[in-house]
Amino acid sequence: MSELPLKDPAPADDAADGEPRPGRIRKPVGWSMIVIGVLVAVSAALVYRRDGINGVTEILTHDLTLFGGILPRVLAGCLLGAFIAEILPHEKVSRSLGPESGLKGLLIGTAFGAILPGGPFTAYPVASALLTVGADFGATIAMVVSWTLIGYGRAVVWELPIMGTDFTVWRLVISLPVPVLAGALGRFVYVRLYPKGAPQ
Amino acid sequence: MSALIVDIILWGSVAALAVIALQRGRLVLTTSVREGTMDFINIVPRIALGVIGSGYIAAVIPSEVITGWLGPDSGWLGVLTAVIAGAVTPGGPVVGFSLGAVALKAGGGAPQVIAYVIAWALFAFQRLLLWEIPFMPARFVWFRAAVSLPFPFLAAAIAMAIGKP
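As they're listed, the protein sequences go chains A and B. Residue numbers for the first sequence follow this note's numbering, beginning at 1 and rising by one. Residue numbers for the second sequence follow this note's numbering, beginning at 201 and rising by one.
Since the hints were derived computationally from the structure, they do not count as laboratory data. Note that the coordinates shown come from a computational prediction; the quantities given were computed from them, not determined experimentally. Where is the CB? At the ideal position from N, CA and C, for every residue including glycine. Any given hint might turn out to be false.
Stretch by stretch, here's where chain A covers chain B in the computed footprint (C-beta under 8 angstroms, at least three residues) [to be verified]: (1) 213-222; (2) 238-244; (3) 252-258.
Only some residues are given here: those of chain B computed to face chain A with a beta carbon under 8 angstroms [claimed, not checked]: (4) S232; (5) E235; (6) A248; (7) G275; (8) V295; (9) G300; (10) A301; (11) E332; (12) R344; (13) F351; (14) G363.
Quick look at which bits of chain A chain B covers, simulated, 3 or more residues with Cβ under 8 angstroms [what the hints assert, rightly or not]: (15) 126-135; (16) 168-182.
When you get a sec, could you build the whole thing from the sequences and use the hints?
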């Protein structure tokens, strides 16, 4: 895709902000889409064979409603990611979330993931933006894992009503150390896997 | 209700960042909005396929198969089964929790169900393909999934040790 227009350097006070941001990865329809597409087609055919056309339309209406509901949030998530990539000073991010940020970086990533509003449509664009502006794999892993495991959004909206309070609370407590541990493990493996820095 | 709060926080954050961007200059604001909108346009077809399709995938997955092997006496084999089951359960916000709830009701052991829910949250295969790969560098996604592998087991071990929930 050719949308890398001449991006005038942003007029920022910080010199590091002046560099044009490298374009984010936008892949055309790839194999992951094809895999999912085939899975969906086969599953829909099986539902049709089992439940007839009514079963198919029932699921379709339900999922269309769901889709309509999350669409605005997807937009919000994409905007959030874009703003963060544009606004956050690269230098500061690499200092507080970069490879040298230590335990503090992992804790910041964890806290950030836990308070991040929205669903996957927020978390992944934001995580991707953090990688772009200088966070390392470890801190970003801590953030993503924290968002999936202890993010309040999913726990409150979905887990609490479905799984019950007792289970949810204990599951959360047990999950508390996991983001930092996963981030630390990520760092540990990363420096051994790529001792000379990230391959491009 | 809680969904409304999440929406308010979400759009509030967007608005706050937009104000900051505007203070940095109009260009920063317009660039961000354009980038974000392009991301959105690129991502919508994938999400359409995923959200509208995952209902069908969930409908044909036999839940007894997923939940039947997770009894309290299934021990570490049950935990391993739970982790694999979590990985193959479709993403989506509801499916994993619903099956987890079914497993609990059907007499599944708490450590096994914890392992199941956490494995599903960490590396449900469909979510990796559908949500993570489109948004993030593929190398990061696989790396993160690989690094996450031990943690459902760790969580199950903690649950066994403290005897909760």
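Verification of the hints:
1. Here's how the segment 213-222 of chain B fares: 6 of its residues keep a CB closer than 8 angstroms to some CB of chain A, so the rule of at least three is met and the hint holds.
2. For the segment 238-244 of chain B, the proposed coverage by chain A is satisfied: 6 residues have a C-beta within less than 8 angstroms of a C-beta in that chain, meeting the threshold of three.
3. With a cut-off of 8 angstroms between beta carbons, the segment 252-258 of chain B has 6 residues touching chain A; three or more are needed, and the interface restraint holds.
4. Contact between S232/B and chain A, as hinted, is supported at the beta carbon level, the nearest pair being about 4 angstroms apart and thus within 8 angstroms.
5. Here the hint on E235/B is kept, as its CB sits about 4 angstroms from the closest CB of chain A, short of 8 angstroms.
6. Checking A248/B against chain A: minimum C-beta separation of about 6 angstroms stays under 8 angstroms; hint holds.
7. A distance limit of 8 angstroms between C-beta atoms decides the matter here; for G275/B the minimum to chain A is near 18 angstroms, and the interface restraint is violated.
8. Of the supplied interface hints, the one on V295/B is violated, with its beta-carbon coming no nearer than about 10 angstroms to a beta-carbon of chain A, more than 8 angstroms.
9. A least Cβ separation of about 6 angstroms between G300/B and chain A falls short of the 8 angstroms threshold, and the interface hint therefore holds.
10. A cut of 8 angstroms between beta carbons decides the hint on A301/B: the least distance to chain A is about 5 angstroms, and the hint holds.
11. Below 8 angstroms, beta-carbon pairs count as interface contacts, and E332/B has one with chain A at about 6 angstroms; its hint therefore holds.
12. With a least beta-carbon distance of about 5 angstroms to chain A, the hint placing R344/B at the interface is held under the 8 angstroms criterion.
13. Nearest Cβ of chain A to the Cβ of F351/B: about 5 angstroms, under the 8 angstroms cut. The hint holds.
14. At its closest, the beta carbon of G363/B sits 10 angstroms from a beta carbon of chain A; the interface hint therefore is violated under the 8 angstroms criterion.
15. Evaluation of the coverage hint for the segment 126-135 of chain A: fulfilled, as 3 residues show C-beta separations to chain B shorter than 8 angstroms, against a requirement of three.
16. By the rule of at least three residues with a Cβ nearer than 8 angstroms to a Cβ of chain B, the coverage given for the segment 168-182 of chain A holds, with 8 such residues.
Hints 7, 8 and 14 from the list above are not met by this structure, while the remaining hints are.
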